Amino acid sequence: MAIVSYPKTVIKEGIIIKKSEPISESYFYILLCLSKGPTHGYGIMQMTKQLTGGEVTIGSGTMYGATDNMLTKGWIEETFSEETGVEKKRLYRLTAKGFDVLDKEIRRLKRMIANTEEL
Amino acid sequence: MNVQDRNKKPKHKLKFNLFPNWCYEQEQIDLNHRSAKGWHLIEPGQHFHKYEQNSAIQYRYQMDFHNIEPEPERYEEIYAEQGWELLGSSQGWYYFRKPYDPLLPEEAYEIFTDTESVTALRKRWARTALLGTIGSFLIFFIGMYAFHLFPSWLTLIPLLLLGAELIYCFYSAFMIRHPKKHRNPKVACSVTLLYTIFLVVGILVFIYVKIAHIRTDFGHLHTIDAPIPAGIKNAVELDSFDIYLSDNYRMDFIITADASVCFAIRNEQGDTVFTATADNCHYPKHCITLKKGNYTAYFSDFTGSSAQVYYKFE
Chain A
41 MAIVSYPKTV IKEGIIIKKS EPISESYFYI LLCLSKGPTH GYGIMQMTKQ
91 LTGGEVTIGS GTMYGATDNM LTKGWIEETF SEETGVEKKR LYRLTAKGFD
141 VLDKEIRRLK RMIANTEEL
Chain B
9 MNVQDRNKKP KHKLKFNLFP NWCYEQEQID LNHRSAKGWH LIEPGQHFHK
59 YEQNSAIQYR YQMDFHNIEP EPERYEEIYA EQGWELLGSS QGWYYFRKPY
109 DPLLPEEAYE IFTDTESVTA LRKRWARTAL LGTIGSFLIF FIGMYAFHLF
159 PSWLTLIPLL LLGAELIYCF YSAFMIRHPK KHRNPKVACS VTLLYTIFLV
209 VGILVFIYVK IAHIRTDFGH LHTIDAPIPA GIKNAVELDS FDIYLSDNYR
259 MDFIITADAS VCFAIRNEQG DTVFTATADN CHYPKHCITL KKGNYTAYFS
309 DFTGSSAQVY YKFE
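Those protein sequences? They're chains A and B, same order as listed.
The numbering of the first sequence is our numbering, which starts it at 41 and goes up by one.
The numbering of the second sequence is our numbering, which starts it at 9 and goes up by one.
Hints in this document: simulated from the structure, not taken from any laboratory.
Be aware that one or more of the hints could be misleading.
[Unchecked claim] Computed footprint of chain B on chain A, listed as stretches where at least three residues anywhere in the stretch have a Cβ under 8 Å from a Cβ of chain B:
(1) 105-115
(2) 132-145
(3) 148-154
[Stated by the list, open to error] Take a look, some chain B residues computed to stay more than 12 Å from chain A by CB distance:
(4) 126
(5) 197
(6) 209
(7) 221
(8) 256
(9) 275
(10) 299
(11) 312
Since the structure is predicted, the reported quantities are computational estimates derived from the model, not experimental observations.
Ideal placement from N, C-alpha and C gives every residue a C-beta, glycine not left out.
From just these sequences and the hints, can you work out the full model?
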C-alpha cells in the first residue's frame, strides 16, 4: 500500500537525483505530532484535531494504513510505554529518517509559501 | 428494560448478502439502515450475514479490506482507540461497528478520512480481484483443454462456471477502480444475484449430469464359446443397457478372441452406434456419442471357438 514515496530516486539525463515528493496531509500531521515525542494512535488523532481546529481528522483506517506504511519505510518505529502499574501501551516514535522526511516537507511548504508571498 | 425483557433471548436472523465487494460503501449504508430498524450485524459471512435484534441501540458500520492479514493486535488496537468494535472478517473484508450518537456528525463515523487511504483500499481490492482473474483465466484454460480432450456436459459445465467466475472477477476489478459507474446499488445487487443463480443452477445441473453418468458407469463382460454365422440376423444378443442423458461417453473396450469377431452396439431403432471387428484389441477411453434411450450389444461374424469382450462406460 504505497500512498507516497519520499524521497524518490529519479534518473534524469543519466544523473541520479533525489526528488522530493509531497506527502499527504494525514502523513504530515502524524509525523508532526510524533516529532513532539512518542505517542499512541489516539494521541496523534487528538493532537491533529487540536492543532487544526478540527479541520483535519485521522480515522482508524487511515491511521492504520499510514502507520503501517511508515513502519515499513522506517520513518517511525514501535515502542511501549514504560509507565509502571498501567497496561503497556503501544506508542510510535519518529526515527531519524522520519525526522528527515518531516524536515524536508516543512522546508518544501515554507518555500511554497515564500514563493507565493513574493509574487 | 424490565427483568422479563432481560431474560428474553435476542432474536437472530441470517440474511443473504447481495452486495458485491465493489459496492462496499452501499453495503455499509444498508447495514446502517438495518441497524436503525433494530437489526444489527453481529457476524459477517461470505454470503450470509447474521443479525441480532435489539431496538435499544443503533450502530454505524464501516468496512476495511486487506489482502494480506493485518497485524492483529495493532490493527484492533488502532480501531478500538476510536471506539470501533471488530465484528469479524470475511474474504479479507473487516467489519467494524460503533454505537451511534445522533449529536455527532456523520464524518465522525468514517474510518477513512483522506482520498489516499480510500484509493489504497480500492487498489488492494483491485489487486486481489486481478489475481483472481489471472487464476480463473489459467484454470479456465485447463478446463478448455479438458473439454477439447473430452467434449461432454461433464467438462462443459465446469468450463461455463469458470467462465462466469472469470468475468465476475474481471468486472469486480474494473468496478472497484471506477466507483462512479456503480451509483445504483440495485444494478450491482442484480449482477450478484444473477451470478449466484448461475452458479447454483450450474452446480445442480453438474450434479444431475454426474449422477446420470454414474448410473451408466458399470462393466459388461461377455464370453462366447461357439462360432456365429455371418449376417446381422444371426447376431447374438449380449445384453442391453440404458443411457439416461444424451452425451458423449468414454468407453473402455477390450476384445480377446482366437479369431476375428464383430462387436456392435445398436439403439432402440436398430441403428448401429458402435462397431468393432478384431481378434485382439483394446480401446482405452474411446469417445462415443449416445442419446438417451435403451441400447443393445451384439456379437456376430465369429469363426473361432472362444471370444471375450469387456466394455465399460465412464
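Non-interface claim for residue 256 of chain B versus chain A (Cβ beyond 12 Å): 49 Å, holds
12 Å Cβ clearance of residue 209 of chain B from chain A: 38 Å, holds
Cβ contact check, 8 Å cutoff: the segment 105-115 of chain A against chain B, three residues minimum: holds (count 4)
Non-interface claim for residue 299 of chain B versus chain A (Cβ beyond 12 Å): Given that every Cβ of chain A is farther than 12 Å from that of residue 299 of chain B, nearest at about 57 Å, it holds.
Assertion that residue 221 of chain B lies outside the chain A interface [Cβ separation over 12 Å]: With a cut-off of 12 Å, residue 221 of chain B remains clear of chain A, as the shortest Cβ separation is near 48 Å.
8 Å C-beta criterion, at least three residues: is the segment 132-145 of chain A covered by chain B: violated (count 0)
Minimum Cβ-Cβ distance from residue 126 of chain B to chain A exceeds 12 Å: Check fails; 9 Å does not lie beyond 12 Å.
Outside-interface status for residue 275 of chain B - nearest CB in chain A farther than 12 Å: 64 Å, holds
Three-residue Cβ test at 8 Å for the coverage of the segment 148-154 of chain A by chain B: violated (count 0)
Nearest-CB test (12 Å) between chain A and residue 312 of chain B: 77 Å, holds
No chain A beta carbon within 12 Å of residue 197 of chain B's: 25 Å, holds
The structure does not agree with the numbered hints 2, 3 and 4 stated previously, though it agrees with the rest.
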